[in-house]
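Student: So the chains spell out like this:
2 protein chains.
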Amino acid sequence: MNLDAYFRIGETVTLGTHLFEAEAIKSFARKYDPQLFHLDEEAAERSVLGGLCASGWHTAAVWMKYNLLQLSQASGSVWQGAGQAPEFGPSPGFTDMKWLRPVHVGQMVTYTRTALGHRAMASRPGWRILTMAGAGTLASGDPAITFNSAVLVKVVSSE
Amino acid sequence: MNLDAYFRIGETVTLGTHLFEAEAIKSFARKYDPQLFHLDEEAAERSVLGGLCASGWHTAAVWMKYNLLQLSQASGSVWQGAGQAPEFGPSPGFTDMKWLRPVHVGQMVTYTRTALGHRAMASRPGWRILTMAGAGTLASGDPAITFNSAVLVKVVSSE
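Protein sequences, first through last, are from chains A and B. Heads up, the first sequence is in our numbering, so the first residue is 1 and it goes up one at a time. Heads up, the second sequence is in our numbering, so the first residue is 1 and it goes up one at a time.
No lab work stands behind these hints: they were computed from the structure. Errors might be hidden in some of the hints.
Where chains are identical, the list cannot tell them apart; a pair therefore holds if satisfied intra-copy or between any two copies.
[To be verified] With a straight-line Cα cutoff of 20 Å, these simulated EDC-like cross-link-like pairs (lysine to aspartate or glutamate) come out:
#1 Lys98 - Asp142
#2 Lys65 - Glu23
#3 Lys154 - Glu87
#4 Lys65 - Asp40
#5 Lys154 - Glu45
#6 Lys26 - Glu45
#7 Lys154 - Asp142
Since we're looking at a predicted model, the values are computed, not measured.
Using the sequences and the hints, build the whole thing.
Tutor: Given below as structure tokens:
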């Protein structure tokens, strides 16, 4: 199993484009981020954000959805560790989550992933840690969200 | 309106304790993080995580839920900007999200917020930026999640 077959260092992969619709924005906000500019069109228009927009925690979680979807499409059932596909472990976290612009209702966000590198883990033989940059960009070309992330990947030796 | 009435610098406020139940773990994962160790008990037991556990994006979003709930209880309808309660704007993001330990099904996480400071924003007169440390701790006392965050707060002058 060659990690570089899945993650070419420095190459930006488009994961997918997501339309943020009112009901999904409100549904996420009711559960996790019940502020009026995520819940109510009229109140949102009067707010500093000028209109209904998605919670930043929502726009971040949707990146993960498209990240996994792309990996699945690229390699079958990646997260089942089937065949020679990489097996993912947990993520130690990420740094520098920047919510650069609000994502308003009806806007499309195109998500990307750029592999930055991977290295062996001294503490877990057989696993590597993969670092990557994630982003979500509006149709205007302006970035809405950027961050740097990491995930553990098990190195399955080829037979 | 005195920000320090809501946010005492350096004081750690307990926001609430959340029980991570199987159906909620799976429901979040189906939408945003469909990896087997978040979706299926048996597959999770065979995985590197050793059992069903919540997505890190889920444990992060639940912090925000309890953060807003505590602010609401502390000051009425804080996010409606009513009365002398602070009006919150967007967050520019956060740094150093660390998922330190998995949150397994049936575990309780106690969320906290520690205000670190606030300062005027040169770019937005009348607004301050509040920085804070967020955390979620297991019943054992071990931290599961920590991060540093920030949010814009409108300074409403007292009459």
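Student: What are the numbers of the hints that this structure violates, sorted from low to high?
Tutor: Per hint list: single violation, 7.
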